[in-house]
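Enquirer: Chain A is already provided as a structure; the job is to place chains B, C and D on it using the hints.
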Amino acid sequence: MKPLNRNQIAWRAAQDIPDGNVVNLGLGMPVLVSNYIPSDRDVFLQSENGILGVGPEASELNINPNLVDAGSRKVTLRDGASLFDSANSFAMIRGGHIDITILGAFEVSISGDLANWDSKIPDKGPLVGGAMDLAVGAKSTWTMMQYNTKDGSPRLLNYCNLPLTARKCVNRIYTDIAVVDVTNQGFIAIELLESITAEELNTRTEAEISLASDCKPLQAPADLI
Amino acid sequence: MKPLNRNQIAWRAAQDIPDGNVVNLGLGMPVLVSNYIPSDRDVFLQSENGILGVGPEASELNINPNLVDAGSRKVTLRDGASLFDSANSFAMIRGGHIDITILGAFEVSISGDLANWDSKIPDKGPLVGGAMDLAVGAKSTWTMMQYNTKDGSPRLLNYCNLPLTARKCVNRIYTDIAVVDVTNQGFIAIELLESITAEELNTRTEAEISLASDCKPLQAPADLI
Amino acid sequence: MAIDKRIETAKEVISKIFDGAVIMVSGFGGAGFPNFLLEILRDAEPKELTLVANSATHPYSLTHSLIEAKMVRKVIVTAARGRGKELSPFEEQWRDGSIELECVPQGNFAERIRAGGAGIPAFYSPTGYGTDLATGKETRKINGKNCVLEEAITGDFALIRGDRADRFGNINFNTTQMNFAPAMATACEVTIAEVREAIDEALPTTDVHLPSVYVNHVIATGREV
Amino acid sequence: MAIDKRIETAKEVISKIFDGAVIMVSGFGGAGFPNFLLEILRDAEPKELTLVANSATHPYSLTHSLIEAKMVRKVIVTAARGRGKELSPFEEQWRDGSIELECVPQGNFAERIRAGGAGIPAFYSPTGYGTDLATGKETRKINGKNCVLEEAITGDFALIRGDRADRFGNINFNTTQMNFAPAMATACEVTIAEVREAIDEALPTTDVHLPSVYVNHVIATGREV
Chain A
1 MKPLNRNQIA
11 WRAAQDIPDG
21 NVVNLGLGMP
31 VLVSNYIPSD
41 RDVFLQSENG
51 ILGVGPEASE
61 LNINPNLVDA
71 GSRKVTLRDG
81 ASLFDSANSF
91 AMIRGGHIDI
101 TILGAFEVSI
111 SGDLANWDSK
121 IPDKGPLVGG
131 AMDLAVGAKS
141 TWTMMQYNTK
151 DGSPRLLNYC
161 NLPLTARKCV
171 NRIYTDIAVV
181 DVTNQGFIAI
191 ELLESITAEE
201 LNTRTEAEIS
211 LASDCKPLQA
221 PADLI
Chain B
1 MKPLNRNQIA
11 WRAAQDIPDG
21 NVVNLGLGMP
31 VLVSNYIPSD
41 RDVFLQSENG
51 ILGVGPEASE
61 LNINPNLVDA
71 GSRKVTLRDG
81 ASLFDSANSF
91 AMIRGGHIDI
101 TILGAFEVSI
111 SGDLANWDSK
121 IPDKGPLVGG
131 AMDLAVGAKS
141 TWTMMQYNTK
151 DGSPRLLNYC
161 NLPLTARKCV
171 NRIYTDIAVV
181 DVTNQGFIAI
191 ELLESITAEE
201 LNTRTEAEIS
211 LASDCKPLQA
221 PADLI
Chain C
1 MAIDKRIETA
11 KEVISKIFDG
21 AVIMVSGFGG
31 AGFPNFLLEI
41 LRDAEPKELT
51 LVANSATHPY
61 SLTHSLIEAK
71 MVRKVIVTAA
81 RGRGKELSPF
91 EEQWRDGSIE
101 LECVPQGNFA
111 ERIRAGGAGI
121 PAFYSPTGYG
131 TDLATGKETR
141 KINGKNCVLE
151 EAITGDFALI
161 RGDRADRFGN
171 INFNTTQMNF
181 APAMATACEV
191 TIAEVREAID
201 EALPTTDVHL
211 PSVYVNHVIA
221 TGREV
Chain D
1 MAIDKRIETA
11 KEVISKIFDG
21 AVIMVSGFGG
31 AGFPNFLLEI
41 LRDAEPKELT
51 LVANSATHPY
61 SLTHSLIEAK
71 MVRKVIVTAA
81 RGRGKELSPF
91 EEQWRDGSIE
101 LECVPQGNFA
111 ERIRAGGAGI
121 PAFYSPTGYG
131 TDLATGKETR
141 KINGKNCVLE
151 EAITGDFALI
161 RGDRADRFGN
171 INFNTTQMNF
181 APAMATACEV
191 TIAEVREAID
201 EALPTTDVHL
211 PSVYVNHVIA
221 TGREV
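Protein chains in written order, with my numbering: chain A, 1 to 225; chain B, 1 to 225; chain C, 1 to 225; chain D, 1 to 225.
It should be emphasised that the hints constitute simulated quantities derived from the structure, not laboratory data.
The model shown is predicted, which means the values in this text are computed figures rather than measured ones.
List of simulated lysine-lysine pairs, DSSO-like, C-alpha gap at most 30 Å:
1. B:K139 - B:K120
2. D:K137 - A:K168
3. A:K139 - A:K216
4. C:K141 - D:K137
5. C:K47 - C:K74
6. C:K137 - B:K120
Partial list, computed: chain D residues near chain A (C-beta under 10 Å):
7. F28
8. T78
9. E92
10. D163
11. N174
12. N179
13. A181
14. P182
15. H209
16. E224
Partial list, derived from the structure: chain C residues whose beta carbon lies under 8 Å from chain A:
17. M1
18. A2
19. I3
20. G117
21. A118
22. G119
23. D166
24. N170
25. T186
26. A202
27. P211
28. S212
29. V213
30. Y214
Virtual Cβ for every residue (Gly too), placed ideally from N, Cα, C.
In isolation and in its complexed conformation, chain A is listed as follows:
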């Protein structure tokens, strides 16, 4: 199996969302997760601009220009949805009523610190949005990311180099080559691409990382492209 592509990473994360959960999906890769939630699970997607129960993207037929999600996509509502203002939406997020948030990440530290909002491009303005609130407020914070940067540098670090989004918040990391839990014993890979050895994983990680005793092969449907 080759390293997972974006849709395959999204598929893999989607398999772990429990039935009945309320989930907020960040911009970028995480929003793809909504395409792969198993059909036997009834999941409510929260959008921080004021939706509980985001439905599929709108088509020409059912578009409402005022109904958008946090990624500015024109969306629909699912059965049982509700709407509210931003203050109430973040009361829901900060108050611990979201089961899982899945966020993109630049870096994650071994203690679960997350850096995902400021890549320090000179003179480009900051964009924090709801990331800090979601990372602090959700019961679980998962990240989705490429295991390494484009130039091969590690993203799983002892300490984040980029500005932090929140401290000690990440519980699990979904990547192209491994699924990693952030634990009191450090990073633990619970799934790993079969073609990658523990030694190679270590060289691609700055911090200590170990394999779970029952570490499984990381797999995803091959037809997701």
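Expert: Below, chains B, C and D alone, put in the same frame as chain A:
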């Protein structure tokens, strides 16, 4: 003219509510004010349990058992009314969006301190309700009261004896014998019953009180009983 | 699996209310009391409860019946005064020192509960400053305004009353039935809602006053109030 | 006198926006931008404005046009990054030091505005703790949670967009058009609302999302968004 009765005091206060104002009326005498608002003024009554735009008391014909005001009366809604929960209602009150609150009072001090919630009856439980929030939050706080206690003791004092509701909050006092402004120069009677002399008013007041240079006779319709 | 929070009888969920639990009970002035659930709770007889409710003594609410049954260790309320000159059961227990009382201004009460549900552990409020109800609390002058530090209130179980619910747990309220229910539902681990009617299909989003994420169990009573 | 907050043209009320005013502008992701009012504001050309808006650079919002016209001294936002690699007009002014930026996590942003309208001068939030956006802010550990002291934001003028309004100033929103508008309307001295349609008769209470007390002027634009 005899000292004003409860309805006459309510009538007198009602005459001073400006057109277009939002007013919260406390339990007891203040709620009577709603009966006497001049018909040329469009006033919205707020009830702290979640109504902006309380209408007349409900009759057998239009009663909704779930629609009550802060005094537990079954009420109706006026045209243009809105409804909200208690947290939002007190956000409205605390946030300075109520023009006037009219509250009952046991005592008012010369600096505008109000005591109206705890009369210190032995072993009876306290009842604070929304009084402290209203006294602090409304743009103007008026009180309605008998000028003296049943045994003739003053209620307009140098310092309140009873537990305070809020400090420096009262702007105006409507009573059976005078209308009194609370100012930086102390209590100033702006209307006084014709049968009462300045000297008598002084003996019935603990704190310093003076008459406004344009102090008028306190009057109210005689047929209000 | 299709979400369905409706229950046929409330006995089982109420039986999970443990000794020492913190229970929030909605209702104000005759509207929004969950009296159906309170009857069952009284029969379940958990002990040493802390009750968070607007009033400890309101005759229309069965909150007082829990106190009379000696199930309550402490109340957090805005009103605890029985009607009439005789002492109410609450006042007798309070005089005897067998029940603890925390009396809170109604706006601080509502805001502290909202804060509990919104992940705000504490806030500064101008209400209550300089009064007996702020005794021992930290104070601070902010932008010239004297304030009191108020802590969030959270609970184990919220018992609320609505008008209609759907199987997802979305709640609609009839006018002033709303009062404290939305805030209380956000602030408790488990929320049990009694409603007049619980429907199969989803409530229209425009009818949802309390989003489903805040509600765990729904029971239809058929009762108008 | 019958209340009627509807205006035929917005030029006069917008002309009252003074140099140095703090302006809040609603909208998120393409929904709820008061672009009709922003066009008039840009032509009125007040200077040295402070803008409180979710984004300084959103292409669908005309907020950015005020910045491009050099009318803005400071922005308080959650997003200030232009799309693409080239610097946006905001980013150029920011680089040159001619505009001040306060970047706030979106939940703290919404809550600080809500607090401004609710008379809460400051609150503790867990969001942002330990990040660059909390630099210099007071921190405090409350019940084991590290928090940052966040101050309320208030403004002089709120420009918001709704769907329908009545002559009293009650506002109804279309789905996610709501976002920051209700909180902003509560937090400003003067609120001007543009809506698709402004009607003579009162909105049904069940349609009112923003009570009339928070709205000063209403103008119908006929526009869908």
